[in-house]
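*Asks:* Residue strings, one per chain:
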Amino acid sequence: MTLFGYRVPMMASLLVWCVVWEVVGRLDLVFLLPPFSDVLVAAVSLVQTPSWQSATVTTLRAFAMGMALSIVIGVPLGILMGRVKIADDLLGMWVNIFSSAPLSAIVPVLMILFGFGEKTIVAAVFLFAIWIIVLDTRAGVRHISPSLIEMARSYGASRPALYTKIILWAALPEILAGIRLGLIRGVKGVVIGQLLVAIVGYGALFETFSRNFRMAEFWALTIILFAFALLIAELIERAEAKVEYYAGARQ
Amino acid sequence: MAVSIRTDGEAAGLASSSNRSATGASWDQPILLRLVSIALFAGIWEVAGRIPVSFAFPTFSDTVVAFFGLLADGSLATAYLSTLQPLVLGVVLSAFLGVSLGTICGLWRTGEWLVIPVFIVLQAAPVAAFIPMVTFVYGIGMTAKTLAVMILALPVIVLNTYKAVRNVNESLLVMCRSFLGTNWQTVAKIILPDASPVIFAGLRLGVAAGFVGVVLAELLITPTGIGDLITFHRSRADYAEMYATIASIIALSTLTLVFLQWVEVRVFRPESRGA
Amino acid sequence: MGATALRNGPSPVPAPIDSIVEVRGISKTYGNVEALRGIDLDFPRGKLTSLLGPSGCGKTTLLKIIAGLIRADGGTVAINGKRVSAPGPERAFVFQDFALMPWATVTRNVAFGLELRGTNKAEREEIARRYIAEVGLAGFEDKYPHELSGGMRQRVGLARALSVDADVLLLDEPFSAVDEQNRRKFQEDLIRLRTNQNKTFIFVTHSIEEAVYISDRIVLLSPRPGRVSQIIEPEIDRSGDPERIHRDRHYLDTVDEIWQGLKQYVE
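As they're listed, the protein sequences go chains G, H and F. The opening position of the first sequence corresponds to residue 450 in our numbering, with each subsequent residue numbered one higher. The opening position of the second sequence corresponds to residue 7 in our numbering, with each subsequent residue numbered one higher. The opening position of the third sequence corresponds to residue 1048 in our numbering, with each subsequent residue numbered one higher.
Since the hints were made in silico from the structure, they are not lab data. We put the CB at the ideal spot given by N, CA and C, even for glycine. There could be a bad hint or two in this list.
What the hints assert, rightly or not - Below, simulated DSBU-like cross-link-like pairs (lysine-lysine); rule was C-alpha separation at most 35 Å, straight line: (1) Lys1190(F) - Lys195(H); (2) Lys1246(F) - Lys195(H); (3) Lys195(H) - Lys1168(F); (4) Lys1232(F) - Lys195(H); (5) Lys195(H) - Lys1310(F).
As the list claims (entries may be wrong) - Going by beta-carbon spacing under 8 Å, a handful of chain H positions derived as facing chain F: (6) Pro36; (7) Arg172; (8) Asn173; (9) Val174; (10) Val180; (11) Met181; (12) Ser184; (13) Asn189; (14) Leu198; (15) Pro199.
What the hints assert, rightly or not - Over the 10 Å line for every Cβ pair with chain G, so calculated as not near, a few chain H residues: (16) Ser43; (17) Ser60; (18) Gly75; (19) Leu77; (20) Ile110; (21) Glu118; (22) Leu120; (23) Ala131; (24) Gly147; (25) Ser177; (26) Gly233; (27) Ile256; (28) Thr260; (29) Glu277.
All chains should be built: construct the whole structure from the sequences, respecting the hints.
*Replies:* Encoded structure:
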């Protein structure tokens, strides 16, 4: 959008919404919505509390472990499904089902299998993130032009070399896209897991804040979480931009 | 904020991947292979249950028996009655609201500037955090559950519709103008039909998100419906019943998505039939 | 005649007596690229005129300005003596990329212009069927575009333009996305169609052979900035077998003459 001849960046309208929030909060129109400035103040004091710091460490650790697992397992699985037809035939249906299934229903199972602790959260992140990584990796491998693989073969590439020097790199744009979507889903998984377990990390904090109607802190925590999710998406997108040049050139 | 428009990748990524895989191509594979795949899954489950990997891991056969038990005593039917009402209501409301809002934003630059960033944030962020909040405002009834569904379903529907309308085939627009189409005709006869595959993909993703929302709301706040059935059987350590309930909601969600795709192809997009 | 004659501006072909489209002083600039400068042209009624030139000479831009799809920076376009600056019912456009609606059958695509005008369904489908047969697609009425070959798709585009009964048909490189064999057949059909339909055709192409083969008049445009460099009226008898034209002495001479003139613009 342009204003007085200047191009106003798209995301700038979020500032407008922050102002609206502030006004609505000041007028006390909505019971659960304190002014935005109060939320910011609460955010500043919140990050200094030990409870937030330890919750963040717990959450980040669970998130990182869950993501690492889903990438380490998801990418090879996707490559396998992209290259081996029988694996694709047998697993494809289940990967598709789980990628769009209401996984929140499975979290209670994780809770009884892994206990009311960090392991459940790691499992939830893994469960939310892995399917889209598998799907995108598979799609990336499928899109590799056959002549590229024939080229590698004709120059005598060994099987490991074919996979590590050609297939992995040629499918990289899709793999990264899958990981980015997986990260976004993983953040949702960590939050849903913690909300349901309710005694770990941010879930416990949300529980405390909303039970005691500490709304400024509740919103502060929400904003921190949202900012974290967007930051992750942005970072991985930067990485994607680096390989994008050949994503287009491959066709 | 430096977050670009592509943050809504979930919408686009899945919209495109839905064409090639998610509820897509894999449904065309021969029925035999699909049965083998199901049998394999059931077999692994059965073996894992017999070892057992955990005291809380029932065998596949126990789960099937429990499923028919739940069907027979009517508890599954009662639970679904309570779960499906807010789900359907929430999805229908999100569909109407989301498609209209997305279309307006796709056509009108100021609307785009003002509204789309909000949905980009909502799409990328874990909005599930709002669900406990919704209960505080609306209690533990139908309204709270419907809102939970909408919070999760709306962003993806809005963003997919917006993207589809915004990226409409330029040459068809020019064609419509050259044959003297009015603005209204352009929207109704070119833009919406051209955008409809991506809009439908968004609706399917919205339905999937709606399932997540309603189950989450029932697990978190309102002890009714499927969520309650899961929690209840967990508390009584009836793990077979609990697994059967969970499997049933996942199966229902999958079948719904397949059905929606079938309807889309049969009713709305005759040209993609048998193509 | 040779390269020198071509460079010396419009050749002294007399202005046609009855011109349906009059272009006066049209200019167009994109950013700092001058696409067209001071174009004056008359298009005779009932004839097929080609706009021919290397890429970047602004021929498509000129066609779209005549169609009212692009606004000129200066100058006027008049159809039947009336100034126009937007699309109108007296002109119909055939698109390079066909611009068919993938969700609509051949019949609906062909009838689309009439549909937009509010013609009732039975009547417009009747008209559509007639033109579908006219372009040689009878039997394909209920097919969808993806079920047709490129050549057949463009026939749908042509039938759509014919069905709105415009006086002037504007064709923007209609055969460039059609394979060679189909293009030949299509060109022959176009020659036949022109004699039957009594319409004015304005045809953009970058193919010299194509222009000479089908045109009554060829307007040569030179690039950067786009200007009229020469107007040629090939005197080729098209009444007999269209196959014969390709071996016609005059046809071959004209093609060669134009090529000698255009060579200088090819890097």
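*Asks:* For the restraint on Arg172(H), tell me whether the closest CB of chain F is nearer than 8 Å.
*Replies:* Cβ of Arg172(H) sits 19 Å from chain F, so the hint is violated.
*Asks:* Double-check Met181(H) for me: the hint is only fine if its C-beta lies closer than 8 Å to a C-beta in chain F.
*Replies:* 4 Å, holds
*Asks:* Does the no-contact call for Glu277(H) survive, Cβ to all of chain G over 10 Å?
*Replies:* Given that every Cβ of chain G is farther than 10 Å from that of Glu277(H), nearest at about 24 Å, it holds.
*Asks:* A cut-off of 10 Å on Cβ-Cβ distance, and Leu77(H) was said to be off the interface with chain G. Does that hold?
*Replies:* Fine: 18 Å to the nearest Cβ keeps Leu77(H) off the interface.
*Asks:* Within 35 Å, alpha carbon to alpha carbon, are Lys195(H) and Lys1310(F)?
*Replies:* 45 Å, violated
*Asks:* Given the hint that Lys1246(F) pairs with Lys195(H), does the C-alpha gap stay at or below 35 Å?
*Replies:* It holds: about 29 Å lies between the C-alpha atoms, which stays within 35 Å.
*Asks:* Just checking, Ala131(H) versus chain G, shortest CB gap more than 10 Å?
*Replies:* Given that some Cβ of chain G is not farther than 10 Å from that of Ala131(H), nearest at about 4 Å, it is violated.
*Asks:* Ser177(H) clear of chain G by more than 10 Å, beta carbon to beta carbon?
*Replies:* The assertion about Ser177(H) holds, with a minimum of 20 Å to chain G.
*Asks:* Taken at face value, is the distance from the CA of Lys1168(F) to the CA of Lys195(H) at most 35 Å?
*Replies:* Given that 35 Å is the threshold and the Cα spacing comes to 15 Å, the pair holds.
*Asks:* Minimum C-beta separation from Thr260(H) to chain G exceeding 10 Å: can you confirm that?
*Replies:* Non-interface label on Thr260(H) violated, nearest chain G Cβ at 5 Å vs cutoff 10 Å.
*Asks:* May I ask you to test the interface hint for Pro199(H) with respect to chain F, counting a Cβ-Cβ separation under 8 Å as satisfied?
*Replies:* 5 Å, holds
*Asks:* Taking the minimum C-beta separation from Gly147(H) to chain G, is that value above 10 Å?
*Replies:* 17 Å, holds
In summary, the numbered hints that this structure violates are 5, 6, 7, 8, 9, 13, 14, 16, 17, 21, 22, 23, 26, 27 and 28.
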